[in-house]
Amino acid sequence: MRILVAVKHVPDIQSERSLGPDGRMVRDGGDGTLNELDENAVEAALTLVEEAEDGEVVVLTVGPDDAVDAVRRALQMGADEAVHVVDDAIAGSDAVSTARVLAAAVRRLSEEQPVDLVLTGMAALDGLTSLVPTVLADLLELPALTLATEVMVDETAGTVTVRRELDHAVELLRAPLPAVVSVTDSANEPRYPGFKGIMAARKKAVTTWTLADLGLEPDQVGAAGARTAVVAAAERPAREDRVLVTDGGDAGVRLAAYLVENKLV
Amino acid sequence: MTSPVLVLLDHAADGALRPSAAELVTLARPLAGDGGVLGAWVGDGPGPDALAVLAAHGVAAVHAVRPDADPALSAVTAEAVTAVLGATGAGLVLIPSTFEGKEVAAHLAASTGAGVVTDADGVQLQDGVPVASKTVLAGTWTTRCSVVGAPAVVTVKANAVPAEPVAAPREPVVVEHELTVSPAARRVELVERTERAASDRPDLSGAQVVVVGGRGTEGDFGPIEELADLLGAAVGATRVATDEGWIAKEAQIGQTGVTVTPRLYIGAGVSGAVHHRGGMQAAGTIVAVNSDPDAPIFEIADFGVVGDLFTVLPQATAELRRLLG
Ligand SMILES: Cc1cc2nc3c(=O)[nH]c(=O)nc-3n(C[C@H](O)[C@H](O)[C@H](O)COP(=O)(O)OP(=O)(O)OC[C@H]3O[C@@H](n4cnc5c(N)ncnc54)[C@H](O)[C@@H]3O)c2cc1C
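Residue numbers (our numbering), protein chains in the order written: chain L, 1 to 265; chain X, 1 to 325.
Just chain L, with the same shape it has in the complex (with noise of 0.2 Å):
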């Protein structure tokens, strides 16, 4: 079993993150990560290999020179190889560019050998859009399975069955192999890398590909390629009169006079 992991390397939300004049994320602090919710994803795949005791998990990314580091992460927690995609056209690509670039990583990827599974996170905690992992199996003309809290595939029927949990239902899906499947943060625990994890991912190779050798052009990525733009971005300012009280005896009853006086109920 080939599955690729598509994962994001993003400013680490514990950290300060704000955004430039220019509406898009400040990426320069330093304290950038591999997305938490891309852990499950290859969580996901180092389990579903080591389950079948055959095959190997490929982690690629789209991103800046230090996005790098994301897939290193992944390598570390015990991913077989790593494809970083970095070309300056890139910057500023929104959700359908960036699902442009990995589908043609994918593509290139399954030509030199075939691909079972594209693994994904349910969001990039940055921009939360959740676009790319149906974006990029539509693009790739592959079935689309979301939201995934258990992921079970049948080598041997050829298929990928999901449960995903919806705000109304819970659902079964099942699509044929290859498929793409995003997971979300309750599918399983991510494990740490280990001392051994974090020696073995220094001999692992790190593929760099452009935008040329995947045969895109840059007017169809990046911000040149985006469909969306940010015309203004603020930051909100801090709530005003806030009032903060310690319990005596009578905060239940401020609080019901607070909310009542403020017409809130």
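Warning: the hint list may mix true and false statements.
One side only, chain L facing chain X, incomplete, derived with CB under 8 Å [as the list claims (entries may be wrong)]:
{"hint": "1", "residue": "185"}
{"hint": "2", "residue": "199"}
{"hint": "3", "residue": "200"}
{"hint": "4", "residue": "245"}
Because the hints were derived from the structure by calculation, they are not lab data. Only a predicted model underlies this, so the values are computations on that prediction, with no experimental measurement involved. Virtual Cβ for every residue (Gly too), placed ideally from N, Cα, C.
Take the given structure of chain L and dock chain X with the ligand to it, following the hints.
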């Protein structure tokens, strides 16, 4: 812009319209050109109750698409919306910002070249171009995004605008479409779908008031539920509370759970971790009850109480019951 605006009308399997429909139609009215606001209904056509709501909110026509595959599959719904776009020439599509809605938007982006903005809390036209507003980075920033691709697809959060009926309702025209779904959309098979039992409480994502319990409840959601029931509120939870099994998974609010934008959020025994804040920070008023004065939630609370939720909440509930008579 003279083209009509299309709204994807979200409804339950039994045909009951969800609250997002009237909100999105209200939002669409000032944006629609000559063609007015059109609704896309996927599945068995709308019944009289749904049509009455749509009439009251000024929908000009409902395009009822009956696909020959399960409309619970987002690829099927996306093909239905594409068919209506083709039939009507609508330039802007509004979709509720649910997980399923965003998936439909993603399919539209891939198949029609649409530009997509997700989780918007407003949409305006600027020189004929739709511009959507949204909060990002866990509610700490606001942005405005223009959609340059056509059609423009915007997924809109619950409560972005209050639903407002029109002065002169009129019966929408119902246009029926039969749809033969492509082999591509059939690749995914819906093996099983279990609808969750409807609760008596309002839907979390659309609720005006939300009362939330975290680890501090230690599994006892009694005080949370009592206050919620008095206020007609939805009950939410942190991931700790859902992971512990104290409350169902769908109650989880946050980055990987439901995003709520109520007028009033009351959190008790909730620390305000960044993952949780991402799903509630855009609430109108934030009230927090926490025994730890250093809890991060106090940084964003309009009214914070440092105290034990097991004494503060019941007292507040009793006092509210008295004040509200
Ligand atoms: C990838 C990822 C995604 C996540 N997504 C989400 C998400 O979507 N939503 C989410 O909520 N979390 C999410 N989390 C978890 C999140 O990081 C926090 O762990 C979680 O929100 C904390 O929940 P809590 O506030 O209930 O618990 P805690 O952080 O443990 O806080 C409990 C609070 O209760 C207070 N307390 C205790 N007893 C009392 C009492 N008697 N009266 C009053 N106060 C009391 C304590 O002072 C404390 O502040 C995610 C984590 C990860 C890694």
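Consistency of the hints with the structure:
1. The criterion of a C-beta within 8 Å of any C-beta in chain X is met by residue 185 (chain L), whose closest approach is roughly 5 Å, and the hint holds.
2. Restraint check, residue 199 (chain L) versus chain X: the minimum CB separation of about 31 Å is more than 8 Å; hint violated.
3. For residue 200 (chain L), the shortest C-beta to C-beta distance to chain X is roughly 30 Å, which exceeds 8 Å, and the interface hint is violated.
4. About 6 Å separates the beta-carbon of residue 245 (chain L) from the nearest beta-carbon of chain X, less than 8 Å, and the hint is met.
Of the numbered hints listed earlier, those contradicted by the structure are 2, 3.
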